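Enquirer: Each chain, written out:
2 protein chains.
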Amino acid sequence: MSEKSDFALQDFLPYLLNQAAEESSLAFQQVYKGRYGMLRTEWRVLFHLGMHGELTATEIGARARIHKTKISRAVQRLAERRFLSRQRNVRDRRSERLALTPAGEAAYRDLRDVAREYDARIAAQFTTGEVALLRMMLKRLAGMD
Amino acid sequence: MSEKSDFALQDFLPYLLNQAAEESSLAFQQVYKGRYGMLRTEWRVLFHLGMHGELTATEIGARARIHKTKISRAVQRLAERRFLSRQRNVRDRRSERLALTPAGEAAYRDLRDVAREYDARIAAQFTTGEVALLRMMLKRLAGMD
DNA sequence: TGTTGTTAGTTACAAAATCAACTATTATCC
DNA sequence: GGATAATAGTTGATTTTGTAACTAACAACA
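In the order they appear, the protein sequences are chains C and R.
For the first sequence, the positions run 118 to 262 when my numbering is used.
For the second sequence, the positions run 118 to 262 when my numbering is used.
These are calculated hints, taken from the structure and not from any lab test.
None of the values given here were measured: they were computed from a predicted structure.
Treat the hints with care, as some may be off.
No copy is singled out in the list; a pair is fine if it fits within one copy or between any two copies.
To be verified - Below, computed lysine to aspartate or glutamate pairings styled on EDC-like, alpha-carbon distance capped at 20 angstroms:
| hint | residue 1 | residue 2 |
| --- | --- | --- |
| 1 | Lys256 | Glu139 |
| 2 | Lys256 | Glu140 |
| 3 | Lys185 | Glu140 |
| 4 | Lys150 | Glu197 |
| 5 | Lys187 | Glu140 |
| 6 | Lys256 | Asp209 |
| 7 | Lys185 | Glu197 |
Using the sequences provided together with the hints, build the complete structure.
Expert: Below, the structure is given as structure tokens:
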């Protein structure tokens with residue numbers, strides 16, 4: 118048997134990060150998909166609006182690092198389903214001010230609570246110090262610091 | 118301005134993990150895509166074969182946690198481009214023994230070296246202890262322990 | 001033996017992501 | 001003011017992924 122193993126894929130950081138990301142997103146995905154029929158980009162847009170109130174598509178894209186076509190389609194779907202409302206900006210009529218509808222607010226609060234619990238359950242696997250370090254390192258790696 | 122911010126998306130672990138994974142994969146992706154026209158699943162299959170020698174599609178799927186349809190398509194493309202060869206298993210003619218061709222071996226060694234350097238560059242942002250802890254935590258989160 | 005169930009892998013169709021080109025509006029600067 | 005460039009967002013074509021159904025080969029057991 119040629120067990121060469123001259124490289125340890127299971128230690129390669131981008132690989133590990135992807136596997137951990139995928140695994141850790143799974144259960145949460147089932148919630149926003151199952152309860153609200155949302156896609157990944159859609160809950161992210163929902164959260165940004167829930168956290169910051171009115172924003173334009175470009176502002177959301179900049180904060181979340183999502184490409185404008187993805188945002189555009191997510192906004193469309195969220196608007197169709199009445200989770201958000203769009204209103205042309207008077208100052209710059211190219212852009213729209215996006216805001217959550219009451220239904221959007223409700224979905225946001227629901228998912229936010231799920232996210233909090235979910236995050237806590239993940240964090241509970243480690244010590245407080247470990248989790249703090251993890252978040253710090255991930256932020257640095259994500260270019261979010 | 119309604120800066121509610123009653124939730125910190127930038128601290129939500131699944132979100133952070135995804136952002137870090139995406140960011141940290143980018144430059145490596147450009148290498149395997151640019152040099153060999155490979156997709157994510159393809160370099161993973163390549164690496165598993167490079168590390169372990171002959172494997173069946175199912176074995177690769179089990180190790181890498183990739184669905185069989187993805188594997189099937191990745192194997193097809195890698196075979197078309199002569200990076201691997203397929204040979205029906207005599208004992209069980211449902212499965213195929215997959216192995217890298219010389220071209221596949223060369224691509225593997227090249228990308229493996231890139232991955233090593235790349236991993237080192239990421240790790241260099243932190244102390245040795247921090248990186249060891251990070252890998253440990255990611256493995257646990259990925260269910261790889 | 002033959003019926004039933006399981007496993008390996010492929011294929012077809014639908015859903016989603018990617019990339020480039022496009023419209024509409026605003027900004028720049030001669 | 002008017003030409004040119006830049007920006008906000010959308011759309012269409014292509015690629016990639018996901019889901020389910022499928023074929024072929026093997027296993028179990030009456």
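Enquirer: Check the structure against each numbered hint from earlier and tell me which ones fail, lowest number first.
Expert: 6
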